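Chemist: First to last, the protein sequences are chains A and B. Each step along the first sequence adds one to the number in the numbering used here, with nothing skipped, and position 368 is 368. So the numbering used here is basically just the index in the second sequence, starting at one, shifted up by 1000.
Hint data in this document are derived by calculation from the structure and do not stem from the laboratory. Note that the coordinates shown come from a computational prediction; the quantities given were computed from them, not determined experimentally. Glycine included, C-beta positions come from ideal geometry on N, C-alpha and C. One or more hints might be untrue.
[Said to hold, decoys possible] Output of the computed footprint for chain A on chain B, the stretches with three or more beta carbons under 8 Å from beta carbons of chain A:
1. 1049 to 1062
2. 1078 to 1087
3. 1132 to 1145
What follows is each chain in one-letter form.
Number of protein chains: 2
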Amino acid sequence: MRDVAVIGVGLTKFGELWDKSFRQLISEAGAKAILDSGIEGKDIDAMYVGSMSSGRFVGQEHIGALVADTSGFSFMHIPATRVEGACASGGLAFREGYFSIASGMNDIVVVGGIEKMNDVGGSSATETLATAADQEWEAFFGVTFPGLYAMIALRHMHEYGTTKEQLAQVAVKNHKNGALNPYAQYQKEITIEQAMNSTMVAYPLGLMDCSPVTDGAASVVLCAAEKARQYCQKPIKIIGSGQGSDTLALHSRRDICTLDATVHAANMAYKQAKINPKDIDLAEVHDCFTIAEICAIEDLGFVKKGEGGKAVENKITTLDGTMPVNTSGGLKSKGHPVGATGVAQIVEIVTQLRGEAGRRQVKDARIGLTHNVGGSGATCVVHLLEAV
Amino acid sequence: MRDVAVIGVGLTKFGELWDKSFRQLISEAGAKAILDSGIEGKDIDAMYVGSMSSGRFVGQEHIGALVADTSGFSFMHIPATRVEGACASGGLAFREGYFSIASGMNDIVVVGGIEKMNDVGGSSATETLATAADQEWEAFFGVTFPGLYAMIALRHMHEYGTTKEQLAQVAVKNHKNGALNPYAQYQKEITIEQAMNSTMVAYPLGLMDCSPVTDGAASVVLCAAEKARQYCQKPIKIIGSGQGSDTLALHSRRDICTLDATVHAANMAYKQAKINPKDIDLAEVHDCFTIAEICAIEDLGFVKKGEGGKAVENKITTLDGTMPVNTSGGLKSKGHPVGATGVAQIVEIVTQLRGEAGRRQVKDARIGLTHNVGGSGATCVVHLLEAV
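Pulled out of the complex, with its shape left as it was, chain A reads as follows (with noise of 0.2 Å):
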């Protein structure tokens, strides 16, 4: 395969913007990673976006199209392309976009990922989320994502004595690194009092649990890597790539606490990559809710099955940690647009390994890992850069 790097990133506010359109956030994030890059437009070879549920949430299908045109590419008539993979659309977009330099195809493209979700017009953000999980199996019944991951977080207590206080370290610890990050939608600390005693949603799932509701776009240029440093002194290069799937219902799997997609897609990538988990400086994981995030750190090998809620009371995975995971506040306390999602990580792994994270810049960051989940986990996206 032939390498490939990143050479530019961009990315909106995160947040609830009524004053901000699908089109011109994905132009937003589109433009700031173009002029990061420091390629023309000209040099654009092809788009390619993620995005979950365009078609529910602001009724617009045939996006790909949409963004370069509202990009103002439309004159170029190069390939732009969607990708869908519910929460995962974002990592999927990436991974395409990659293959597609990979093979000779094309030298330089351009990837997006946005979700537009909170004004919905029909049905709720809930209910269009919900289209995510398996629509005969389990939404048809009423169950919703929340209570998805509160059957995992119970089973995860049950079998490993993981606490309520171990979960709400995550929220606490991830909103402390949002704090730090400019983009997010929650800059702002909480205490782990604040995180035990929110709102239950689902149980042992309180609201500080729960990744939010958030509009915003992220987007990356990727470039041949044997032509990168022409318009970039810091390429940061793809050296692992994997993907994996599992049933769309949770309950038809071997096992709810491990999501095997992504033990998958981690051997996938660290195969490729020729490294195993020791060797990475940091991870962006998917933290759709505080137990996704300890299920993570588990499934990616970073600690036994089991030990992924210790390893947070130890602080493992905090900014000074010997492995930070959600520098950039993750999916709790950054946002959650869900197309965005993937392509966002790649943002703040890319911003870290450039030595740019600013006030929380993880030191001496050479590898770094992001982590993409779509659904209960039916589908899982794992890419690993390095600084070269």
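Put chain B on the given structure of chain A with help from the hints.
Modeler: Just chain B now, kept in the frame of chain A:
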């Protein structure tokens, strides 16, 4: 780029399939393609699926994972990705599957396309199809696709003297071909009088100028060319792949009678294959409306701009013409389950290039083209296939 071949194809019957679910349809098409290819389940490295609006048509997003799951492959945890580009979703999914093998990441990939459009909850099929148009500049004001293509037709008649009878001749030809296709929704011929006098939908387009609302699925198996003969006697090689985009709104185009996205995609594919239009033996083009077939044969370079109507009248594009177009019956007669169409076009060309098309076989067919359009032309994808 690494060479890639199609080694298996599968189709469901197209039509109003009230007794088959989304899950049944995609599993059936996939199973047929896998059986046809000679591979076993364990050989599959990844899956791609094209679907325009499963989120609105059947209330289910995240269908990449769903397809792997419902087909019985979730236990393998292989990557499964959904690609969307309105009615070009199937063609785009095929292209992403191709890239994933060309890059060296995968050896064998199953690509599917599906849409279940008849038993729709909530909004109507027409309303959901309109999400492929520009919501802010077109759909908001009440226009739907028959109206958009009617404007293209009127302008084409004005500029080039194309007649309503020539439009009708496209429908008559495609029904004649569809009558020979056991998978087609309408396996019956129509007369020129029936086509000319059908109920008016949007002047000048009558009911017989419009493709129908269809349920159906299609699937193909792709394999690295160097391994194809391990599985298949007659691999069909992908010799060119092109994709183009344009403004989402029709009124923003340079010329509404020319789909620049088609011109761009075709040129890209011709250049890769090092061929020109006269080397092509047959084509499946995107005749969502009769005028679309006339524009397509012009924009693909089979005839000069403006001469498409005359070419149809002169029977250039019939089964025994010099450039047979839509031997399957096209979208008009075979049916148009939007996300499946692009993959079904590949199925027809592969069937023809293998010499297995029975009563609709084009003699000595060696090179075939597929042309799949999203919306009124904001996305186009062209593939060139060759019997080797």
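Chemist: Now, for every hint given, state plainly whether the structure supports it.
Modeler: Against the structure, the hints come out as follows:
| no. | hint | in the structure |
| --- | --- | --- |
| 1 | 1049 to 1062 | holds (count 9) |
| 2 | 1078 to 1087 | holds (count 9) |
| 3 | 1132 to 1145 | holds (count 6) |
Figure legend: structure checked against the earlier numbered hints; every hint is met.
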